[in-house]
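K.L.:
Add chain Y to chain S, keeping to what the hints say.
Protein sequences, first through last, are from chains S and Y.
For the first sequence, counting from 1, position 241 maps to 241 in the working numbering; every step adds exactly one.
For the second sequence, counting from 1, position 271 maps to 271 in the working numbering; every step adds exactly one.
No wet-lab data here; the hints were simulated from the structure.
A few of these clues could be false.
[What the hints assert, rightly or not] Which stretches of chain Y does chain S cover? Using the computed rule of at least three CB atoms under 8 Å from a CB of chain S, they are:
no.	segment
1	143 to 155
2	237 to 248
3	262 to 268
No residue lacks a Cβ here, since even glycine has one placed at the ideal position from N, Cα and C.
Number of protein chains: 2
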Amino acid sequence: MNPMFARRMSRFQESDLTPILRLAANPGIISFAGGLPAPELFPVEELKHISSRVLADQGKRALQYSSSEGHLPLREKIAARSNKNFRTNLKASNVAITTGSQQSLDILGKMVLDEGDCVLSESPTYLAALSAFNACLPEYREVETDDKGMVSADLEKALASEKRAKIVYVIPDFQNPTGKTWPLQRRKDFMEIVSKYDVLVIEDNPYGELRFEGEILPSLKSLDRRGQVVMLGTFSKIFCPGLRVGWICGEEDLLASFGNLKQAADLHTSTLSQYEIDAYLSEYDIEEHIKKLIALYRERRDLMLRSMERAFPEEVTFTRPAGGLFTWVTLPERVNARDLFLKALEKKVAFVPGGAFFPNGGHENTLRLNYSNMPPELIEEGIASLGEALREFL
Amino acid sequence: MNPMFARRMSRFQESDLTPILRLAANPGIISFAGGLPAPELFPVEELKHISSRVLADQGKRALQYSSSEGHLPLREKIAARSNKNFRTNLKASNVAITTGSQQSLDILGKMVLDEGDCVLSESPTYLAALSAFNACLPEYREVETDDKGMVSADLEKALASEKRAKIVYVIPDFQNPTGKTWPLQRRKDFMEIVSKYDVLVIEDNPYGELRFEGEILPSLKSLDRRGQVVMLGTFSKIFCPGLRVGWICGEEDLLASFGNLKQAADLHTSTLSQYEIDAYLSEYDIEEHIKKLIALYRERRDLMLRSMERAFPEEVTFTRPAGGLFTWVTLPERVNARDLFLKALEKKVAFVPGGAFFPNGGHENTLRLNYSNMPPELIEEGIASLGEALREFL
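Isolated chain S (complex conformation) (with noise of 0.2 Å):
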């Protein structure tokens, strides 16, 4: 390591991940890897529309610095969208803005860990929180987690342990990687335990609006008595990834502390994308585009486990989200997933290993499917032939 860096960086040298996922992205490689959303739904000419009307209205403005906490109409609507589809009560004075959701988890690792404080995570978790804890080097305890989410038991037992526990981080709906979703009694009873303990839950919501079927579930932080959640939300997946822009929903002092933080990170995010957002959601119907998604989506979930109940041999598992991008493949304990990857490749077929997902590592057992991405053709081929590869590894 350069002499010159601070010990941070210990935790972010370049992963044995990083050229496997290089490799996953040459083209001819079905590539079930990463957590892209379908491009053939990007709302092009739709943003081409409002692009040309926000710089002829407002131009000058939308080119401009702007407020680190974010434009004040799209606050609004995201408040009142977020009300009406998980219950939460919040006004825009409640909503921040931020450069993707990505960036609410640097900058909320910032506002609460010192060096050696303690995150619980399920188990597995999303990789690139983890990424964005790391730079505050905390400690990591995983909760155990089941079908329904992090197992209530195990949850009272890290709290009452982990006497530097500072942030719980979960994904209730339609978890990365797992595509798994909390049901209502667990989140009811998630929210009594850790209403006891002075922690920063962050409920991260990428996925909620993706639900194939089933109602909505309340969030955790409709559930919040304490003020002690804050729940991430994003444009990306709902709308399209590329303009980076996302939202933080908490209790107004919190935001304001994290505004602190935000602005010394970037200032603020773009002003144009801000404006365009907002301007979509004024002209456009949102719910209807992400019908369209839902369909979609649905679609290839179905037609991804369809093929993977032909092609997998038994003794492999996966499991069956309700919403979201992923499904989780569970191998027999002696296979590493790794390994599998390079044959996998040879057949022009790509995943996640998913050893990476787990803070503590370990499960080299277990990897990860993404299903928006890929047009149906390339998702029957690309199973068959990872499949093909699963039979010749085992």
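P.N.:
Below, chain Y without anything else, positioned relative to chain S:
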């Protein structure tokens, strides 16, 4: 402070400057406080054209996730312009795109600063650089600064005595807040001194292309034999700030580590904004655009300096910047610019009191004036009012 918060949050309390600057933003106030470019010259029509084109030709890619290091054609163009303007010798692989220059400061702080490490800076220096570094809890050593920049003897002394010096942060061209520019010999002396130490030199260069007279001088990066200098640039001042696109130039190994932190911070900078700026640079002549900016800002600088000569008492002095956005005013030592601020506000004119630009405080008899944002008639009126406030105050 919230008991959940990390120790670094002691540096992110609302400063006593915040309410002051909020007052400066009130309508009806002639504000010389911000660092805003002139919106009259924002390339609104050009962006309308470009944005339709980019969305029509490459919409799906422009709205998708993209790489942390940034759009390759844009990085190539930035390298070429920098080589021409600042005599650097950069390839695209020496350039990474950031979400404004502010993000580079945030990430560089994380990259090298452990708690208690020392940042050397000019005295005074850019306020928001301090905010960015503050997340890492450093100490500051102000290096004595005269009309030509950092005083070499004091820089030598500081580097010899501060065993934990990690960063030397400087703005050699049209500095914020003073408007001062380092002559060539001072740059050479500086590089000779720092090259004896393992310190990262951050050459912040947001204004370098806005030179009103004289030749552009070689950048520190162009004099860098050891690869210890990173140079920061931005489209905020030569194009528009609302898109939040800046860049960092440096050695490839440094940029690799920088990229890992950038990815953890916000994944990547807006794909669409990068495509748009790249298309603008291909289809329009940004050098012609910059000439217009220079003509306008030179006129406003001249007008502000003439107005100050007329309106300010003799015991008040100010700098005569050869470029950039700011002039720096020194009042008699007995005067506190925060008190003057309130008096000026009664007369509907605002500025930034200068004390906050000194990492270790003091120097309350100084203030910063911006001349780029206000139209000529308001510059004249505002400076006349400020002169009245000064005369009443002294």
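K.L.:
Are the hints correct? Go through all of them and say.
P.N.:
Results for each hint:
1. 143 to 155: Check failed, 0 qualifying residues.
2. 237 to 248: Since three or more residues must qualify, the claim that chain S covers the segment 237 to 248 of chain Y holds, with 5 doing so at under 8 Å.
3. 262 to 268: Holds, because 6 residues of the segment 262 to 268 of chain Y bring their Cβ atoms closer than 8 Å to Cβ atoms of chain S.
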